[in-house]
Amino acid sequence: QVQLVESGGGLVQPGGSLRLSCTASGSIFSISAMGWYHQAPGKARELVASITSGGSTNYADSVKGRFTISRDNAKRTVYLQMNSLKADDTAVYYCYIESAGGGRYWGQGTQVTVSS
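In this note's numbering, the protein residues as written are 34 to 149.
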């Protein structure tokens, strides 16, 4: 069984920064892609950023230049550094990992609120 534990969410003022972390544990032999989605109230879940096992990254247009995704394979952890946060970034953020066998696993979600 694979578990993903997220941390780092919270309340921040506009223009501030947060760093999300997501660590995988359990029976997974090899992790390929890792990433983050977010879901605002009343909206569909959207991809924020992803990173392949080789380190290639992909970002939603709305976060390019402000967010940075990274991973530590030895720690089975993916990070999302979020800078210059805006009210529109307010959402629940979910991490995911994909196994080499093709399965996708999700974290429980962490709330990010950007408000003055």
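Treat the hints loosely; a few may be bogus.
Stated by the list, open to error - Simulated restraints, written as ranges between beta carbons of each label pair: (1) THR146 with VAL38: 18 to 26 Å; (2) SER95 with SER149: 30 to 38 Å; (3) ALA107 with SER40: 29 to 37 Å.
Unchecked claim - Listed below are the simulated DSBU-like cross-link pairs for lysine-lysine, each with C-alpha atoms no more than 30 Å apart in a straight line: (4) LYS97 with LYS76; (5) LYS76 with LYS119; (6) LYS108 with LYS97; (7) LYS97 with LYS119.
For the record, the hints were derived by calculation from the structure and aren't laboratory data. Yeah, the Cβ is synthetic: ideal placement off N, Cα and C, and Gly gets one too.
Checked hints:
no. : hint                          : in the structure
1   : THR146 with VAL38: 18 to 26 Å : holds, 20 Å
2   : SER95 with SER149: 30 to 38 Å : violated, 20 Å
3   : ALA107 with SER40: 29 to 37 Å : violated, 18 Å
4   : LYS97 with LYS76              : holds, 20 Å
5   : LYS76 with LYS119             : holds, 17 Å
6   : LYS108 with LYS97             : holds, 26 Å
7   : LYS97 with LYS119             : holds, 13 Å
Checked against the numbered hints given earlier, this structure breaks hints 2 and 3; the rest are met.
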